[in-house]
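So you can see what is in the structure, the chains are spelled out below.
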Amino acid sequence: EAGVVQSPRYKIIEKKQPVAFWCNPISGHNTLYWYRQNLGQGPELLIRYENEEAVDDSQLPKDRFSAERLKGVDSTLKIQPAELGDSAVYLCASSFFLGYEQYFGPGTRLTVT
Amino acid sequence: DAKTTQPPSMDCAEGRAANLPCNHSTISGNEYVYWYRQIHSQGPQYIIHGLKNNETNEMASLIITEDRKSSTLILPHATLRDTAVYYCIAQGGDTGGFKTIFGAGTRLFVKA
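Chains A and B, in that order, are what the protein sequence lines are. Okay, so the first sequence: first residue is 1 according to the numbering used here, each after it adds one. Okay, so the second sequence: first residue is 1001 according to the numbering used here, each after it adds one.
Okay, chain A solo, but in the shape it has when bound (with noise of 0.2 Å):
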């Protein structure tokens, strides 16, 4: 069985630049979610899907961060513009359904110059 895919692994862009990162969750799984990890820390929630539906974005950026899951499937996290503070890994998880384990991807990591 495939597990989380992301693409791209590692991304490098200049302050003010756009960027998306894309999640293909385990086939099945219900529930997608987007965290951000910052060097020596836990992974940070930032919105959680259920289906296409975002149940919690409590703590995404809105000005300038967004993210859809069409159709209940892949996911797309974007940031626009960026700036020199959102420099971290994202990483994107999915779950048969909420409550259960949770399975990851491996990441992207973003640096911005």
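For the record, the hints were derived by calculation from the structure and aren't laboratory data. Ideal Cβ placement from N, Cα and C applies to all residues, glycine included. Misleading hints may appear alongside valid ones.
To be verified - With a Cα cut of at most 25 Å, we get these calculated SDA-like pairs of lysine to any residue: (1) Lys62/A / Val73/A; (2) Lys1099/B / Asn24/A; (3) Lys11/A / Lys1003/B; (4) Lys11/A / Gly28/A; (5) Lys1003/B / Gly3/A; (6) Lys1099/B / Gly40/A; (7) Lys1003/B / Lys1111/B; (8) Lys71/A / Val112/A; (9) Lys1052/B / Arg1081/B; (10) Lys78/A / Ser1041/B; (11) Lys1003/B / Lys15/A; (12) Lys1099/B / Lys11/A; (13) Lys16/A / Glu68/A; (14) Lys1052/B / Leu1080/B; (15) Lys1099/B / Leu60/A; (16) Lys1099/B / Ile13/A; (17) Lys71/A / Asn24/A; (18) Lys15/A / Tyr1032/B; (19) Lys1099/B / Lys16/A; (20) Lys62/A / Asn1023/B; (21) Lys1099/B / Pro18/A; (22) Lys1069/B / Glu101/A.
As the list claims (entries may be wrong) - Chain A stretches covered by chain B per the calculated footprint, using a threshold of three residues with CB under 8 Å from any CB of chain B: (23) 37-47; (24) 98-106.
Starting from the known structure of chain A, arrange chain B on it as the hints suggest.
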């Protein structure tokens, strides 16, 4: 939301049991204790979870105190590949109140 506290780092000799403690004194009755680990440059990996009974799987054992205020993850025979950051999380609740909050975790060093 239950907050968990863990020691920042621990050492363990290869082949010995690694016992990683976690305090979750404010855990509520419908919250489970989950453990994940993260090896360098990878996403976190699920290990085990439990509500109030002790649990065991092929990776580890989870011991939860009777009052549920703390738990211990046990890796029975640690190997060098178990060197990682281990996260203890309390999660549960309905859709609106459901939270998953990762702390800084415990960095486990397994030494030869």
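We went through each hint and held it up to the structure:
| no. | hint | verdict |
| --- | --- | --- |
| 1 | Lys62/A / Val73/A | holds (22 Å) |
| 2 | Lys1099/B / Asn24/A | holds (22 Å) |
| 3 | Lys11/A / Lys1003/B | violated (33 Å) |
| 4 | Lys11/A / Gly28/A | violated (29 Å) |
| 5 | Lys1003/B / Gly3/A | violated (29 Å) |
| 6 | Lys1099/B / Gly40/A | holds (21 Å) |
| 7 | Lys1003/B / Lys1111/B | violated (30 Å) |
| 8 | Lys71/A / Val112/A | violated (31 Å) |
| 9 | Lys1052/B / Arg1081/B | violated (29 Å) |
| 10 | Lys78/A / Ser1041/B | holds (22 Å) |
| 11 | Lys1003/B / Lys15/A | violated (34 Å) |
| 12 | Lys1099/B / Lys11/A | violated (29 Å) |
| 13 | Lys16/A / Glu68/A | holds (21 Å) |
| 14 | Lys1052/B / Leu1080/B | violated (30 Å) |
| 15 | Lys1099/B / Leu60/A | holds (14 Å) |
| 16 | Lys1099/B / Ile13/A | violated (32 Å) |
| 17 | Lys71/A / Asn24/A | holds (12 Å) |
| 18 | Lys15/A / Tyr1032/B | violated (40 Å) |
| 19 | Lys1099/B / Lys16/A | violated (31 Å) |
| 20 | Lys62/A / Asn1023/B | violated (33 Å) |
| 21 | Lys1099/B / Pro18/A | violated (29 Å) |
| 22 | Lys1069/B / Glu101/A | holds (21 Å) |
| 23 | 37-47 | holds (count 6) |
| 24 | 98-106 | holds (count 8) |
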